[in-house]
Amino acid sequence: MSDAAAIEVRGLKVHFANRSGAGAVRAVDGIDLTVARGAFHGIVGESGCGKTTLARTIVGLQKESEGTVLIGGRNRAEWLKSDRKSFSREVQFVFQDPLGSMSRRQSVYQTLEEPLQIHRFGSSVERRRRIAELLDLVALPETVLDRLPRSLSGGQRQRVSIARALALKPSILVCDEPLSALDVSIRAQIVNLFTSLQKQLGLTIVIVAHDLAIVREVCSDVTVMYLGRISEAGVTRPLFREPAHPYSQALLSAVPSPDPRIEAGRRRIILAGDPPSPSAPPPGCRFNTRCPVAIDVCRVEEPMLRSVPHGGVAACHLADSGRRPVI
Amino acid sequence: MNISAIRDIKDWPWLVLLPVIGFVLIGIFAPAIMPYDPSAQDYSATLEGMSWNHWLGTDYLGRDVFSRIVGGARISLVAMVIVLVAALAIGVTIGSFAGYVGGRVELVLISIIDIALALPSLVIALALIGILGTGYWSMITALTLAWWANYARMSRAVVTAELQQPYIEAARVMGAGHLWIFVRHILPHVLALVVVYASADAGALVLAIATLSFLGLGVAPPTPEWGQMLVDGMSYIEEVPRLVVLPGLALTLVVVSFNLLGEAFALQKVPRPVRGATLRRRRRARAREEAERNAVETGTTSA
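If you read the protein sequences in the order shown, they are chains A and B. For the first sequence, this note's numbering begins at 1 and goes up steadily by one. For the second sequence, this note's numbering begins at 1 and goes up steadily by one.
I should point out that these hints are in silico values taken from the structure, not numbers from a laboratory. These numbers were taken from a predicted model, which means no experiment stands behind them.
Below, in silico cross-link-like pairs of lysine to aspartate or glutamate (EDC-like), each with a Cα-Cα straight-line distance of 16 angstroms or less: (1) A:K63 x A:E78; (2) A:K63 x B:E169; (3) A:K85 x B:E169.
These stretches of chain B come out as covered by chain A in the derived footprint (C-beta under 8 angstroms, 3 or more residues): (4) 167-180; (5) 183-197.
Computed from the model, here is a short list of chain A residues facing chain B with C-beta under 7 angstroms: (6) L61; (7) F93; (8) G100; (9) M102; (10) S103; (11) P115; (12) I118.
No residue lacks a Cβ here, since even glycine has one placed at the ideal position from N, Cα and C.
One chain only, chain A, in its complex shape (with noise of 0.2 angstroms):
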């Protein structure tokens, strides 16, 4: 495995252009993104803001308007073109919707089996023997195989869906919102699973969430995004404890607490009007529009990612490595 970093993402820019052509939704608008080998990494933001787009293109479900994308430093776009195959074996996806990415028609089995055929694993024995191994590896029982997707249950339903993933030992997982189909009930188990299955296997994972609690659970690093762009990123313990921008404040604000105590004095900042449309985001910062704290320059001048007091940066010009703004 080389030094190069597992993901990198550089300049990246998807949009999507309007039937009309003028005005192209710009879902993801110039992004730089790294994530280390063995990191596990948090896509926070509100829906919209491009995190699974970002994180589709990452994997080479959607093409790269501008800008590359390196896994473990190969250039993800002329690797998937030049082998497909070698690429999956590297990098794999988890898609939100457990039941929709299984073929209704086909068991667990076929589906877990499907990964190792089409990678020509061993013969149909061994096959058999790295299912079982891979049940094991999620914590399912053998029962399930001969099932189809719509009679497990959600949990499962994911359960299978990771399995699926790691079939073939890839060392990247991204999951786009692995959770938001889950019962609250179920999510902890998921969480905990990712948690275990990083630490077994080493896999280095990028998580695309909009549950904060849990991110601030397991991720060793998270990153906040604002209408395609990076508002704020770093080491997920400083970054949650003191957020330096004011959109990270807000959204940090509003994961509950467990302690009665704290959530009965918990402080909620609820921010005005709806994020601005994608396709025509207004001047300066991304966020001047809902910004309590918003002075002049912030209309005019897009502010750039800057060292910040909690270590990583932000796109704040409120912020440097000596203050933050406190709303």
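Once you've looked at the hints, dock chain B against the given chain A.
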């Protein structure tokens, strides 16, 4: 037979298979069943009534009507199967290709399909027979070319719909090629629908074959064929109505049984309420699974 008895038939959908299987068996074993050569003429016994020698009598050339009906079943069956298989192959290939490739290719192909669908299939068949000349094989060619468009249209619709499904993307992520995705994921859906439609369509095809022969554009005269028999019998419809009624009846039975078969297939897709023993069995199975699942899931959280 009262209403409730009819409703009960729905519980045995395979019952409708019986007439179809009967037709197929008669078609296959026709040479063994026919007591006479269906084209052998016997001028000493023309237009005879039903008797032990000739179960369904003879026609104006002294040919055994029973043998001709049985022989006609064979002709219809073989022609129908050839046309259906060929039309399915062409239709599914073109339709799936159009749906999978998309873009301009799809636009061109779908226009061709639409043009073919806009014209009644019999009109296309007649025009083609005009070009190809009459005969067994030109009838089969003409019918195939008149029949594929429906299957192409259906295949394309299924392919387009299935391509939207996230599991296709999942297969792409796994490194699957286009051929893999098509054969493993899309073709089964296409065939499932198209075969059901074909089962109902078979009846219409048997009718079309008879129609062409009736018009003298299909099977050449000495060969036994139901449409042919109808024309031959027409001149004697007043004296010996049997000559028209019997082949007509055979034709009707076959068409109706194929239609019933198609209907039964379609009904299979409609969920019916589950009652009685089946319901209790399923409830028990579900409860058992639930218990198992709970055991497993609580087991993993505590671990």
